[in-house]
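Trainee: Following the hints, complete the assembly by docking chain B onto the known chain A.
Those protein sequences? They're chains A and B, same order as listed. In this text, residue positions in the first sequence follow numbering that gives the first Met the number 0: the first is 0, and each later residue adds one. In this text, residue positions in the second sequence follow numbering that gives the first Met the number 0: the first is 0, and each later residue adds one.
Because the hints were derived from the structure by calculation, they are not lab data. Computed from a predicted model, the values in this text were never measured in an experiment. No residue lacks a Cβ here, since even glycine has one placed at the ideal position from N, Cα and C. If a hint is listed, it holds; no wrong ones were tucked in.
Estimated spans, in silico, between C-beta atoms of each pair:
no. : chain 1 : residue 1 : chain 2 : residue 2 : range
1   : A       : PRO216    : B       : ARG278    : 35 to 41 Å
2   : B       : GLU233    : A       : PRO162    : 33 to 39 Å
3   : B       : ARG144    : A       : GLU205    : 55 to 61 Å
4   : B       : PRO252    : A       : PRO216    : 35 to 41 Å
5   : B       : SER123    : A       : PRO216    : 53 to 59 Å
6   : A       : PRO216    : B       : THR355    : 23 to 29 Å
7   : A       : PRO211    : B       : LYS140    : 48 to 54 Å
8   : B       : ALA261    : A       : ASP293    : 48 to 54 Å
9   : A       : PRO280    : B       : GLU354    : 50 to 56 Å
10  : B       : GLY331    : A       : ARG236    : 25 to 31 Å
11  : A       : PRO216    : B       : GLY331    : 26 to 32 Å
12  : A       : ALA364    : B       : THR31     : 54 to 60 Å
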Amino acid sequence: MIDLTGLETRPAQTWGSVRLVPLVRREPILDLRLHAKIYGDELSVVSLPDKTDYWAYVPHAFVASWTGDGTPAAAYGTQIDEPARRMGIRTRRRMARRVDRNRLRFLPMHLAVEGYLALHFNGPEIVWEEWSRRDLSPRVEAVYSGAEISGLADALRVFEIHPGQCGLMIYVADSLAAATVVPHPDDYRALHPTLIHDLYGELIHEYALYHPVRDVPAVLDTSGVASLDDLRAAAERHAREWASFHDTTMAAGMLSSPGRVEEIYRFGPFRLSRFLPRFEPQRENHIGETITSDGGRVAYLKTFRLSQAQIRRGYLLTRLAAHDWHIGRTAAALGTTPEQLGLRLEHAGFGHLLRQHVLDHYRKAAKR
Amino acid sequence: METFADLIECEDVLLFVNAAITSTGQREFHGTQAEQRLSLRFLHSYIDGNYPEIYAATLALEINDHNAAMIIRNLLVRHAGDGALIAWRLSRMAPQRVYRLFQDLRRLGVNNRRTRAIIAGWLSGRSDLAFDAVKYRTALKDAVRHAHLRLEGELGDFLFAPRGRTRFDHPLLDAWRRAHYEKAAVYELPYTVAEGFAARHGIRREVFLERIAPRLTRLERMRLAESARDQGVEADLAAMPLVRLASYALSLPFRTRARRRAELTAAFRASAARAAGTRAGTWGRVTAVLDDSFSAFGSVTKRRRPLAVAVACHHLLEALAGDYRGLWLSGGDDPLMAQPTGPTPLGQRIIDGLETAPERLVIVSDGWDNAPPGLAGEVLRVWRTRLDPDRKVSIVHVNPVYDAGGFEVRRLAPGVPTTGIRDAEDLPVLVELAQFAEGRTGLAELRGYLAERAAERVAGR
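The following block holds chain A by itself, in its conformation from the complex (with noise of 0.2 Å):
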């Protein structure tokens, strides 16, 4: 579970398809501090500590800044760089870097889009007579980036940031896109617009297309109302109702996502993790970072929203890794056969995976 403590659910603004709701913070948080670096428009690839490389657009990483004693950190470099204007590719060493005694450098998003990459990433670990010797490399996911996303661009310039505000859910036709939080107001207001430059799935660039939403008119329930005083009662009753419609609801799906955490890296009190959900098809499921302080409480939050053919690949990887890459036990344990089975790797993009004849053969037992 991710533990949003200290954040409350403000009222949301809608625009197009896109609906936002702003968190706030009644207490900011002030010892870890975060800014964002641009790098610009080219690809980028990172050298990962097991010899592979990770190539992605990256249009920016994050530098958290942070004091080990509780007193305030200071947000590093306010400015924004300018893009460098010549293509190229720029090579980074590590997801998560530090760059000096108490500032680290992490690429938002693609930690834990690396860390779904990066799933059995090595293939079969048992070589089964029905596996070929070959492993997953590359593992190749495409997304969109916000500036893609029809009406987000729109809808994030017309946001009204409420004061205090430290984080922002972003619903496309009310299915939760993304999530973000940071630890102040001032980064807030700061990397607000770099949500633009963020990642979203593909699923989300449909519905943005073709599913507009209005505006939840606030109703009140006027039978008691005999005063102004019971009137403002009712207003908050209103904002409290909304608020945890929207916790238990709406963000339900990706507060209880995390099934596997990894805890990346630890500096000072804060520990910079990556979460991936438990790959159940037909749910929401979100891989997301996040950076905890001492107590779990989030000072630090990215998802992203998997598609539900990404879900399918992660699930079937995850299904074929808990019985040791067994094709008939794991298809017994998912209620099919293992010809079934066998299309279904092919379909999610693990063909290559089967030696040539075991997937004719199934193509074959398909047909029949």
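Mentor: Positioned in the frame of chain A, the structure of chain B alone reads:
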């Protein structure tokens, strides 16, 4: 007996009047320029097609110049409208807009006898046509040509054959001739014309501004007040209309606003007192809910316009009311330091406003109620139906922004009249107009009101 059609007509007309007061065909916070123009064009042809008499009569109301020019153009195209009313409206319009309208008519090929008479009539009413000939040379030339006029004396030569004469008798015309080769003559010309000559002669900007200062118009003075402060250009703030003054004040950095607080406040007070006139202090207990949310920024072409209207209304209401309270959405209490930021919790602030037990509640907002959406409407509905069914408190919502998608200024609640606003000075009149929207008066009264205003205008010339 009111029929359903009457009600619809009444509504349509008010909708159009509100649009014609607010929309300038420029980009707004929530809509692009193209959306605004498309929406406005549709509205004009809709009203013109369905209620042609009312369309012509709206010229008598406080609609803005952009819409007035559109109406006059459409009327002249189809040989309609009251010539006297058109002439009256043209006489109130800024000359550059009138000339642009004439050029429009020329482009559209509208050249009936009536149009020519109106152009001739307007030109004959100009106090000094030689001045126009220098300042709006091309436009005047076009108008004269289009209306088949023959200008008296040297003016015709000046426009059509300036090289034919070695000198002109009129000092301004002659200054224009000399300015081509004599630097000193540049400073006898109007600022916009002189600027071109100054560039041609390579006169340094500081020197130019210092010497042209006495020839600046009131608005040019205000526009240059910041960039040419060192050259001794100073705006006469107290003489400015409220919204312009507010726009100017809001354009200054916070530190400057703080430093010049006494001066700016005095100017606001003077301007508001002038606008209130004899009505000053007669409105009783007034509370205003003023919108300074982020959307009050407007757009890059209408910078802080909605906020400036709110600031201006604040000062005017202060002058009109006996006992005044202004509540800003952000919770601030210093209109001079206002800045467009934060959400729009209109509902909460309206409750706060009603709690002060006012006789009148004025809401100045673009109507994008979003924290939470629709609460303002609910609060007003409950107030009207349960807490104040006798309508003891008069509530008016004035909205400075035209919503292109809705073909109207955004409303808050059905029981509360909403009217568009452009200049704060119109506020008292708009409140009068708003009663039609409240449904207490019918179409006959509305038609009567329009006819009366039109007659007043024509008679008052």
